[in-house]
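Peer 1: Each chain, letter by letter, is given below.
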Amino acid sequence: MNLRFLHIVERNFLVWRKLMIPSLTTNLADPLFYLVGFGFGIGSLVGTVNGRPYVEFLAGGMLCYSTLNSATAEALYSAFSRLKMQRTWEGILHTPMTVADIVIGEWLWAALKAVLSGSAILLIMYALGIAHGFRPLVVLPVLFLLGLCVAGLALVMTTIAKGFDFFAYYFTLVLTPMSFLSGVFFPLQSLPVSVQKIALILPLAHAALLSRGLVFGDDIPHPVLSLLLLAVYGVIGVAVSVRIATRRLHR
Amino acid sequence: MTAILSVQGLVKSYDGRPVVNGATFSATAGECFGILGPNGAGKTTTMRCCLGLTAPDEGGVELCGYSIPAMAREARYRVGVVPQFDNLDPDFTVTENLVMWARYYEISKRDARAMVPRLLELAGLEDRADARIDALSGGMKRRLTIARALVNDPDVLFLDEPTTGLDPQARHLVWDGLRRLAKEGKSLILTTHFMDEAERLCDRLCIMDAGKIIAEGSPRQLIESHIEPVVVEVFGEGVHEWAEKEASVLVERLEVSGETAFCYTHSADAILAAMSSYPQLRAMRRVANLEDVFIKLTGRDIRD
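Going line by line, the protein sequences match chains A and B. Residue numbering for the first sequence follows my numbering, starting at 33 and increasing by one per position. Residue numbering for the second sequence follows my numbering, starting at 1089 and increasing by one per position.
Hints listed in this document are in silico derivations from the structure and should not be mistaken for laboratory results. Computed from a prediction, not measured in an experiment: that's the story for all the values here. Mixed in with the good hints, there may be bad ones.
[As the list claims (entries may be wrong)] Every beta carbon over 12 Å from chain A, so not counted as near; a handful from chain B, in silico:
hint, residue
1, L1139
2, M1188
3, E1194
4, L1210
5, R1216
6, P1256
7, W1263
8, S1336
9, E1379
[Said to hold, decoys possible] Below, in silico cross-link-like pairs of lysine-lysine (DSSO-like), each with a Cα-Cα straight-line distance of 30 Å or less:
hint, chain 1, residue 1, chain 2, residue 2
10, B, K1274, B, K1300
11, A, K116, A, K194
12, A, K116, B, K1333
13, B, K1274, B, K1197
14, B, K1197, A, K50
15, A, K50, A, K194
[Said to hold, decoys possible] Computed beta-carbon distance windows for the label pairs:
hint, chain 1, residue 1, chain 2, residue 2, range
16, A, I268, B, I1383, 27 to 37 Å
17, A, R279, B, R1388, 56 to 66 Å
18, B, G1104, A, P253, 35 to 45 Å
19, A, K50, B, V1375, 51 to 61 Å
20, A, F45, B, D1389, 16 to 26 Å
21, A, G195, B, R1288, 38 to 48 Å
22, B, G1104, A, A271, 28 to 38 Å
23, A, T204, B, A1202, 43 to 53 Å
24, B, T1112, A, R283, 50 to 60 Å
25, A, A159, B, E1209, 47 to 57 Å
26, A, T58, B, D1389, 55 to 65 Å
Backbone N, C-alpha and C fix where the C-beta goes; we use that ideal spot for every residue, glycine too.
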């Protein structure tokens, strides 16, 4: 098996390292304000959800929501600027690297960066006393899988896009509805049954179920199915992206 | 002499319009080979086909003994590329650009770092090792791009219009660098629309127009076989009348373009003498060059 795609991960890591401090600060500060503001603020109005404090419910969802946002930002905006504005991908193709190496490297990197965002939330959860012991750490591989899933879908958009404007469709038509229909900020059961059915095909909904199950021990209805769904979305996404990027760059 | 690059009957169309239309040529190991042509002649597309970056509709390419595009990845280990538009990595410094590039060739970080000083010296960028890319001038960027193309110690260097957009000083610096590489035994394949560049650098070249190769040879051969040795350019008021009455009977080949009469001949004296009764005309006499060949073969119309 060739591991050339790791050079792309290496490249992006080296660039990230230069801006590590501001990047980590946002990773930590944003969720802190969300959890303290919404969790405790709205929590005082809501009381408990599914028998636990609202802030815990929210934290379980935020782990996934933050992972989703981080993977999306990297695979959409950052990858697109390397593809189009900076011509970085085009340049790399003059070396023995292939389109598949580049796209798979970007995919993996976006997922790794997303896990970092998720870890930051977990850290805050420990600090706020919402998470305890080692058990919640098993959520990290699931966040990685969610990162791969979301990055795979975003890379399809990236490789199709002619300009940044195109991404507005993806946000309006896919990401925003998914964020509200996946039981991240409020439980799915509060929505009409017909809408709950839609949630069954949304990766974020499955990730939120897995996350709450692994961190707090809530019941996970179909763990294997949920994991498979995340993996399938991600793999199809990256495979399609490689095809589109190949057609685009080897024109 | 072994061919380092051979191109056979290359055809490539975009949206039904042929951009490369049956190009055939070959470059020998160790020589500097030029592809000369006006804008839109198909030079860049030809180069992309040679590197396996795009698959031709017809025809074949062999580069460093590898069949392209099937074995393009393997061939690229032996090749360095300097693209027309700089695509240095703006997220990295000068040194980081070189080291990261080496990593794409599976060169270890240690080895890559060890070769940086030599590459910086080659590019004349010793004092810019830690500069950001956007702080470099156009000439520095081009030299860094050339240095970057050398990290894998390639046998062949592909350069797509290496001095387009550079000022005269920067061009001379790039030419000196390329001559040094040629002396070291690297094969150079370059596209250009600058005649002086082709004449200075290339051992052999082909002239490409509308996707076809219309001539191939050394600059001297091309000039000798296509053009009379002396050119007199005559311009000034009444040049059309003069050309019609006087020059047309004297000159071996006469071409009037705009307000200038180009007289191609073996001897300029008779032509200069025929100007005596036209005091308002001025003349410039010079030896024929590649530009004359180029214009003769590709015409004077603007391409774009």
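Peer 1: Look at each hint and say if it fits the structure.
Peer 2: Against the structure, the hints come out as follows:
A beta-carbon of chain A comes within 12 Å of the beta-carbon of L1139/B; the shortest separation is about 7 Å. The claim that M1188/B lies off the interface is violated: its Cβ sits roughly 6 Å from the closest Cβ of chain A, which falls inside the 12 Å cut-off. Not every Cβ of chain A is farther than 12 Å from the Cβ of E1194/B; the closest lies at roughly 8 Å, contradicting the non-interface assignment. Even its closest Cβ contact with chain A, about 19 Å, leaves L1210/B beyond 12 Å, as expected for a residue assigned away from the interface.
For R1216/B, the condition that its CB be more than 12 Å from all CB atoms of chain A holds, with the nearest at approximately 18 Å. Residue placement check: P1256/B keeps its beta carbon more than 12 Å from all beta carbons of chain A (closest about 27 Å). Listed as a non-interface residue, W1263/B keeps its Cβ farther than 12 Å from every Cβ of chain A; the least gap is roughly 22 Å. Distance check on S1336/B: its Cβ is at least 49 Å (rounded) from any Cβ of chain A, clearing the 12 Å threshold; non-interface status holds.
Distance check for E1379/B against chain A: the nearest CB is about 31 Å away, which clears 12 Å, and the non-interface claim stands. Pair hint K1274/B plus K1300/B holds up; C-alpha atoms about 27 Å apart against a cutoff of 30 Å. Taking the CA atoms of K116/A and K194/A, the gap is about 8 Å. The hint holds against a cut of 30 Å. Using a Cα cut-off of 30 Å, the hinted pair K116/A and K1333/B is violated, with the two alpha carbons roughly 59 Å apart.
About 25 Å separates the Cα atoms of K1274/B and K1197/B, which keeps this hinted pair within 30 Å; it holds. A threshold of 30 Å between alpha carbons decides the hint, and for K1197/B with K50/A the separation of about 18 Å falls inside it, so the pair holds. Distance check on the hinted pair: K50/A and K194/A sit about 29 Å apart at the alpha-carbon level, within 30 Å; holds. Checking the proposed 27 to 37 Å range against I268/A and I1383/B shows it is violated: the Cβ atoms sit about 56 Å from each other.
Judged by the Cβ atoms, the range 56 to 66 Å given for R279/A and R1388/B is violated: they are separated by roughly 39 Å. Under the hint 35 to 45 Å, the C-beta atoms of G1104/B and P253/A, about 55 Å apart, miss the expected range. Distance hint for K50/A and V1375/B: a CB-CB separation of about 55 Å, consistent with the stated range 51 to 61 Å. A C-beta distance of roughly 52 Å is found between F45/A and D1389/B, which places it outside the suggested range of 16 to 26 Å.
Between G195/A and R1288/B the CB atoms are about 41 Å apart, so this pair conforms to the stated range of 38 to 48 Å. Restraint check, G1104/B to A271/A: a C-beta distance of roughly 30 Å satisfies the suggested window 28 to 38 Å. For T204/A and A1202/B, the Cβ-Cβ distance of about 51 Å falls inside the hinted range of 43 to 53 Å, so the restraint holds. In this structure the hint that T1112/B and R283/A lie 50 to 60 Å apart at CB is violated, the actual value being about 23 Å.
At roughly 52 Å, the beta-carbon separation of A159/A and E1209/B lies within the given 47 to 57 Å, and the hint holds. At roughly 57 Å, the beta carbons of T58/A and D1389/B sit within the given window of 55 to 65 Å.
Of the numbered hints stated above, those contradicted by the structure are hints 1, 2, 3, 12, 16, 17, 18, 20, 24, listed in ascending order.
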